[in-house]
Amino acid sequence: MKKLDILMVGVGGQGNVLASDILGEVAMAVGYDVKKTDTLGMAQRGGSVVSQVRIANRVWSPMIKEGEVDILVALEKLEAVRWSHYLQAGGVAIVNNLAVPPLSVSLGTHRYPGDEEVKGILRQRTDRIHFTDGTNKVKELGDIRTLNMFMLGCVSPFIPIDFHIWKNCISQRLPSNILKINMAAFDKGREETSGVNLG
Amino acid sequence: MKKLLFGNEALALGAYHAGVMVAAAYPGTPSTEILEALAKFDDIYAEWSTNEKVAMELGLGAAYAGVRALVSMKHVGLNVASDPFIAAATTGINGGMVVICADDPGIHSSQDEQDNRHYAKLAKVPMLEPGDSQEAYDMMAHAFDISEKFDTPVMVRSTTRVSHSKSVVEVNGDRAAPAKQASFRHDVEKYAMLPVHARLRRPFIEERLVKLAEYAETFPYNQIIWGERNLGVISSGVAYQYAREVFPNASFLKLGMTYPLPQNLIRQFAAQVDRVIVVEELDPFLEENIRAMGIEVTGKEFIPRIGELNPLVVEEAGRRAGLLAEPSRRQKAALPQGLPGRPPVLCAGCPHTGIFFVLSTMGQRSKLLDAKGKAEKEGKLIITGDIGCYTLATYPPLRAMDTTACMGAGIGQALGMEKAGVASKVVAVIGDSTFLHSGITGVVDAVYNEAQVTIIILDNNTTAMTGHQNHPGTGVSAQGKKTRAVELERLVRGIGVEDVKVVDAFDMKALRTAVRSSVDNPELSVIIVRGTCSVRLRSRSGQRAVDIEKCDDCGTCLMLGCPAIQKLDEQIDIDATLCAGDACTICEQLCPKKAIGPLSE
Chain A
49 MKKLDILMVG
59 VGGQGNVLAS
69 DILGEVAMAV
79 GYDVKKTDTL
89 GMAQRGGSVV
99 SQVRIANRVW
109 SPMIKEGEVD
119 ILVALEKLEA
129 VRWSHYLQAG
139 GVAIVNNLAV
149 PPLSVSLGTH
159 RYPGDEEVKG
169 ILRQRTDRIH
179 FTDGTNKVKE
189 LGDIRTLNMF
199 MLGCVSPFIP
209 IDFHIWKNCI
219 SQRLPSNILK
229 INMAAFDKGR
239 EETSGVNLG
Chain B
33 MKKLLFGNEA
43 LALGAYHAGV
53 MVAAAYPGTP
63 STEILEALAK
73 FDDIYAEWST
83 NEKVAMELGL
93 GAAYAGVRAL
103 VSMKHVGLNV
113 ASDPFIAAAT
123 TGINGGMVVI
133 CADDPGIHSS
143 QDEQDNRHYA
153 KLAKVPMLEP
163 GDSQEAYDMM
173 AHAFDISEKF
183 DTPVMVRSTT
193 RVSHSKSVVE
203 VNGDRAAPAK
213 QASFRHDVEK
223 YAMLPVHARL
233 RRPFIEERLV
243 KLAEYAETFP
253 YNQIIWGERN
263 LGVISSGVAY
273 QYAREVFPNA
283 SFLKLGMTYP
293 LPQNLIRQFA
303 AQVDRVIVVE
313 ELDPFLEENI
323 RAMGIEVTGK
333 EFIPRIGELN
343 PLVVEEAGRR
353 AGLLAEPSRR
363 QKAALPQGLP
373 GRPPVLCAGC
383 PHTGIFFVLS
393 TMGQRSKLLD
403 AKGKAEKEGK
413 LIITGDIGCY
423 TLATYPPLRA
433 MDTTACMGAG
443 IGQALGMEKA
453 GVASKVVAVI
463 GDSTFLHSGI
473 TGVVDAVYNE
483 AQVTIIILDN
493 NTTAMTGHQN
503 HPGTGVSAQG
513 KKTRAVELER
523 LVRGIGVEDV
533 KVVDAFDMKA
543 LRTAVRSSVD
553 NPELSVIIVR
563 GTCSVRLRSR
573 SGQRAVDIEK
583 CDDCGTCLML
593 GCPAIQKLDE
603 QIDIDATLCA
613 GDACTICEQL
623 CPKKAIGPLS
633 E
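So the sequences go chain by chain: A and B.
Here our numbering runs 48 ahead of the position in the first sequence, where the first position is 1.
Here our numbering runs 32 ahead of the position in the second sequence, where the first position is 1.
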């Protein structure tokens with residue numbers, strides 16, 4: 049692997065930062081240089097959250113250039129669209145099929161883009177898009193807060209790093225009382241995209 | 033051992049391994065995590081101070097007593113602490129003293145974009161600038177050594193992107209030898225700055241700067257990395273990382289110590305390259321200092337002064353400077369247009385929402401303002417604001433804050449407006465942590481000068497915006513020990529305010545009654561609005577739901593701006609995963625159709 053730039057986007061409170069942390073730790077565990085940075089607005093919850101993870105033999109900037117992202121992981125659809133221009137042509141997009149309407153949509157001053165619009169904008173960059181119904185799938189597992197680990201599972205087959213390393217890093221980061229359900233979410237995500245051929 | 037650390041974690045670990053004994057800070061993005069990380073070590077003393085000024089004074093006292101001390105803050109925190117900072121620069125220290133100051137280029141979470149490198153020059157103290165977590169870790173030991181060797185506080189300047197990026201750190205140190213026993217030796221000529229003593233310090237300070245400049249020539253983090261000689265880039269901090277990526281073949285002078293500058297090293301570098309460009313974030317600090325040496329450099333002609341740099345910005349600047357060829361055929365993606373933004377909002381169940389809704393409706397804010405939030409005439413209420421989560425109440429739909437300047441300013445501004453003679457009642461709104469930080473002196477002024485304003489203290493018993501740090505009102509120390517809490521009611525009563533009310537943040541009727549009575553009172557009044565921050569709720573029950581049979585879509589609940597109350601596809605709905613339920617219920621209290629109630633299973 050020469051370099052891998054991953055952008056993980058979502059809404060504050062979805063666990064974006066933890067998931068991208070683990071991704072960085074996985075790459076460091078096998079000897080890569082890693083830089084990662086999170087952009088969060090002020091306050092605790094509800095704003096756009098963007099985590100950039102850069103993996104290579106030597107990484108300089110923690111920030112990725114627009115148009116050079118290899119894999120875009122979006123925990124929410126509107127955020128996928130918002131950051132789609134960061135994706136390189138032909139990159140991979142893994143998008144959770146969840147709409148969290150911002151306040152301006154609820155107040156009726158803005159419109160949330162329709163599904164076809166979302167797909168259309170993403171397709172301007174790439175055809176290698178996987179939509180997943182992640183939120184419902186982790187609901188079935190019993191805890192919606194495991195969505196971040198599910199999405200991490202979804203991205204894992206696209207990164208050539210051994211499965212056990214992922215598991216080790218997750219075990220090291222999560223408290224034991226919630227480890228089992230999070231590991232189940234990771235497995236479920238990994239299973240979902242393992243057979244998927246995005247070309 | 034390799035660790036993936038945030039810049040802030042690395043700074044803290046570096047300080048710990050360098051033998052720091054006392055650490056003090058006030059929370060502020062992007063610096064907060066430095067003290068949080070240090071507070072976890074139980075063999076040092078770490079505290080959340082009332083404000084940055086107290087933190088600086090405490091650090092200085094510890095350094096006078098001969099131990100190594102660390103003080104950390106965000107850029108604007110140094111404004112608050114600038115008086116003791118320059119005092120520290122004047123007296124010098126005994127044990128090493130390091131001041132970490134984290135700037136916020138791009139204004140991610142601040143009220144301005146000041147470049148604090150100027151403070152090093154103003155105070156005549158050395159400044160180090162790490163560019164990633166490894167350097168953040170490594171430079172701390174140097175910072176303490178420089179401090180002790182040259183009898184000066186040392187400034188370590190970080191930025192958001194250094195503090196909040198993780199990178200791989202080879203942790204090779206361990207905590208240095210057992211700490212010295214603190215002891216203070218009387219030396220009034222050094223420590224008591226009467227004019228006659230301060231004058232004695234002046235030549236020392238100037239000589240110190242000369243010696244520091246000599247030291248800078250051999251400082252190991254001032255390095256030349258030779259590449260092709262047609263371009264020489266001088267850079268520091270995270271800007272170096274961007275430049276290194278954008279100009280992979282150029283020669284670099286990477287400065288880890290950016291004040292005072294290593295003049296010989298710079299001359300030597302500049303003489304051996306065809307063209308010198310300075311790549312730095314914010315002000316032309318290096319550029320102007322280097323140009324003053326008589327060296328021909330460019331920089332801000334191409335590199336923006338405003339905002340955060342990144343590789344793309346530096347690349348575009350490189351093109352404008354004729355250093356890079358026109359863009360490759362790499363197709364530049366079009367920025368998606370017209371998408372709804374997602375600014376941060378007050379959380380579902382936030383104890384600030386109810387009071388701001390009351391202020392908004394009483395002040396008839398939504399009727400008063402045009403779409404840009406500008407008013408044609410003076411409102412019924414003027415609401416001066418402050419710094420905290422509640423600053424978000426400036427946004428629609430609440431639009432219940434008129435000013436935000438700096439910590440504590442809302443109270444002074446309210447006094448100024450009243451004394452200037454505005455017709456409307458002036459209400460100052462301030463959080464508990466901010467009030468303790470710098471609101472108290474405003475109340476003293478209000479009592480003394482017989483002000484007629486209303487001051488609302490929003491007490492959520494934490495410093496919420498920076499991630500729930502303790503403060504003097506919480507009764508818990510930075511290191512988790514139970515301690516004595518400063519009681520806000522007793523404090524304001526003790527200052528002399530007679531009309532003091534305490535109201536439940538989730539009781540809409542009580543909030544309205546309290547605000548009305550205070551606003552009608554021609555005397556000074558204080559309302560303490562008390563409620564737990566919803567992010568800290570241990571458990572949630574009784575999530576609310578909308579009965580669609582009863583709901584007539586009037587939209588009153590939407591005017592709270594609660595993120596749990598969403599409208600998608602023409603139906604108002606409450607997201608049960610966000611709703612704080614029984615802890616809040618303000619939407620239920622507000623709904624004119626009684627269409628909101630507990631979610632039935």
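Hints are not guaranteed to be accurate.
Claimed, not checked - Below, computed lysine-lysine pairings styled on DSSO-like, alpha-carbon distance capped at 30 Å: (1) B:K156 x A:K215; (2) A:K187 x A:K228; (3) B:K332 x B:K222; (4) A:K50 x A:K215; (5) B:K626 x B:K582; (6) B:K34 x A:K228; (7) B:K35 x A:K236; (8) A:K113 x B:K35; (9) A:K113 x B:K34; (10) B:K72 x B:K514; (11) A:K187 x B:K35; (12) B:K72 x B:K626; (13) B:K153 x A:K185; (14) A:K185 x A:K167; (15) A:K215 x B:K72; (16) A:K113 x A:K51; (17) B:K582 x A:K187; (18) A:K51 x B:K243; (19) A:K51 x A:K215; (20) B:K35 x A:K228; (21) B:K412 x B:K451; (22) A:K113 x B:K541; (23) A:K215 x B:K181; (24) A:K50 x B:K541; (25) B:K222 x A:K167; (26) B:K625 x B:K599; (27) A:K50 x B:K35; (28) B:K72 x A:K228; (29) B:K451 x B:K409; (30) B:K451 x B:K514; (31) B:K212 x B:K533; (32) A:K236 x A:K185; (33) B:K153 x B:K222; (34) B:K181 x B:K212; (35) A:K51 x B:K35; (36) A:K187 x A:K215; (37) B:K599 x B:K582.
Unchecked claim - Pair ranges (Cβ atoms, derived): (38) A:R171 x B:D75: 56 to 62 Å; (39) B:A437 x A:R171: 42 to 48 Å; (40) B:P359 x A:R171: 21 to 27 Å.
Just so you know, the hints here were simulated from the structure itself, not pulled from any lab data.
Idealized CB from N, CA, C, for every residue including glycine.
Verification of the hints:
Note on K156 of chain B and K215 of chain A: the hinted pairing is violated, with a Cα-Cα distance of about 51 Å set against a maximum of 30 Å. The suggested pairing of K187 of chain A with K228 of chain A holds, with an alpha-carbon distance near 15 Å, which does not exceed 30 Å. As the CA atoms of K332 of chain B and K222 of chain B are separated by approximately 41 Å, the hinted pair breaks the 30 Å bound. With a C-alpha separation of about 23 Å, the suggested pair K50 of chain A and K215 of chain A falls inside the 30 Å cut-off, and the hint holds.
The hinted pair formed by K626 of chain B and K582 of chain B meets the criterion: a straight-line CA distance of about 7 Å does not exceed 30 Å. Among the hinted pairs, K34 of chain B with K228 of chain A is consistent with the structure: their alpha-carbon atoms are about 27 Å apart, no more than 30 Å. Between the alpha carbons of K35 of chain B and K236 of chain A the distance comes to roughly 29 Å, so the proposed pair stays at or under 30 Å and holds. Taken as a hint, the K113 of chain A and K35 of chain B pair is honoured in the structure, with Cα atoms around 25 Å apart against an allowance of 30 Å.
Pair hint K113 of chain A plus K34 of chain B holds up; C-alpha atoms about 27 Å apart against a cutoff of 30 Å. Pair hint K72 of chain B plus K514 of chain B holds up; C-alpha atoms about 15 Å apart against a cutoff of 30 Å. Restraint check for K187 of chain A and K35 of chain B: not satisfied, since their Cα atoms lie roughly 34 Å apart, outside the 30 Å limit. For the proposed pair K72 of chain B and K626 of chain B, the alpha carbon gap of about 49 Å is over 30 Å, so the pair is violated.
For the suggested pair K153 of chain B and K185 of chain A, the alpha carbons sit about 57 Å apart, so the restraint of at most 30 Å is broken. With a C-alpha separation of about 21 Å, the suggested pair K185 of chain A and K167 of chain A falls inside the 30 Å cut-off, and the hint holds. With a C-alpha separation of about 27 Å, the suggested pair K215 of chain A and K72 of chain B falls inside the 30 Å cut-off, and the hint holds. Note on K113 of chain A and K51 of chain A: the hinted pairing holds, with a Cα-Cα distance of about 13 Å set against a maximum of 30 Å.
For the hint pairing K582 of chain B with K187 of chain A, the CA-to-CA distance comes to about 29 Å; that is within 30 Å, so the pair holds. Between K51 of chain A and K243 of chain B, the direct Cα distance comes to roughly 44 Å. Violation of the 30 Å bound is thereby established for this hinted pair. About 22 Å separates the Cα atoms of K51 of chain A and K215 of chain A, which keeps this hinted pair within 30 Å; it holds. Taken as a hint, the K35 of chain B and K228 of chain A pair is honoured in the structure, with Cα atoms around 25 Å apart against an allowance of 30 Å.
Annotation: proposed proximity of K412 of chain B to K451 of chain B holds, straight-line Cα distance about 17 Å (limit 30 Å). Restraint check for K113 of chain A and K541 of chain B: not satisfied, since their Cα atoms lie roughly 52 Å apart, outside the 30 Å limit. The straight-line distance between the Cα atoms of K215 of chain A and K181 of chain B is roughly 48 Å, outside the 30 Å bound, and the hint therefore fails. This hinted pair does not check out: K50 of chain A and K541 of chain B have alpha carbons roughly 63 Å apart, beyond 30 Å.
Restraint check for K222 of chain B and K167 of chain A: not satisfied, since their Cα atoms lie roughly 69 Å apart, outside the 30 Å limit. With a CA separation close to 17 Å, the supplied pair K625 of chain B and K599 of chain B stays within the 30 Å bound. Proximity of K50 of chain A to K35 of chain B is assessed by CA-CA distance (about 22 Å); at most 30 Å being required, the pair is judged to hold. Simply put, K72 of chain B and K228 of chain A have alpha-carbon atoms about 27 Å apart, close enough for the 30 Å limit, and the pair holds.
Among the hinted pairs, K451 of chain B with K409 of chain B is consistent with the structure: their alpha-carbon atoms are about 19 Å apart, no more than 30 Å. Restraint check for K451 of chain B and K514 of chain B: not satisfied, since their Cα atoms lie roughly 42 Å apart, outside the 30 Å limit. Restraint check for K212 of chain B and K533 of chain B: the C-alpha separation of about 49 Å exceeds 30 Å, so the hint is violated. Distance check on the hinted pair: K236 of chain A and K185 of chain A sit about 8 Å apart at the alpha-carbon level, within 30 Å; holds.
In summary, the hint linking K153 of chain B to K222 of chain B is supported, as the alpha carbons are separated by about 21 Å, within the 30 Å threshold. Distance hint between K181 of chain B and K212 of chain B is fulfilled; the C-alpha atoms sit about 16 Å from each other, no more than 30 Å. With a C-alpha separation of about 20 Å, the suggested pairing of K51 of chain A with K35 of chain B holds against the 30 Å cut-off. For the given pair, K187 of chain A sits about 21 Å from K215 of chain A by alpha-carbon distance, which is consistent with the 30 Å threshold.
Of the pairs offered as hints, the one joining K599 of chain B and K582 of chain B holds, with about 16 Å between alpha carbons and a cut-off of 30 Å not exceeded. Take R171 of chain A and D75 of chain B: their Cβ atoms lie about 57 Å apart, and the range 56 to 62 Å holds. As the Cβ distance of A437 of chain B to R171 of chain A is approximately 46 Å, the hint placing it in 42 to 48 Å holds. At roughly 23 Å, the beta-carbon separation of P359 of chain B and R171 of chain A lies within the given 21 to 27 Å, and the hint holds.
Of the hints listed earlier, those the structure fails to meet are numbers 1, 3, 11, 12, 13, 18, 22, 23, 24, 25, 30, 31, in rising order.
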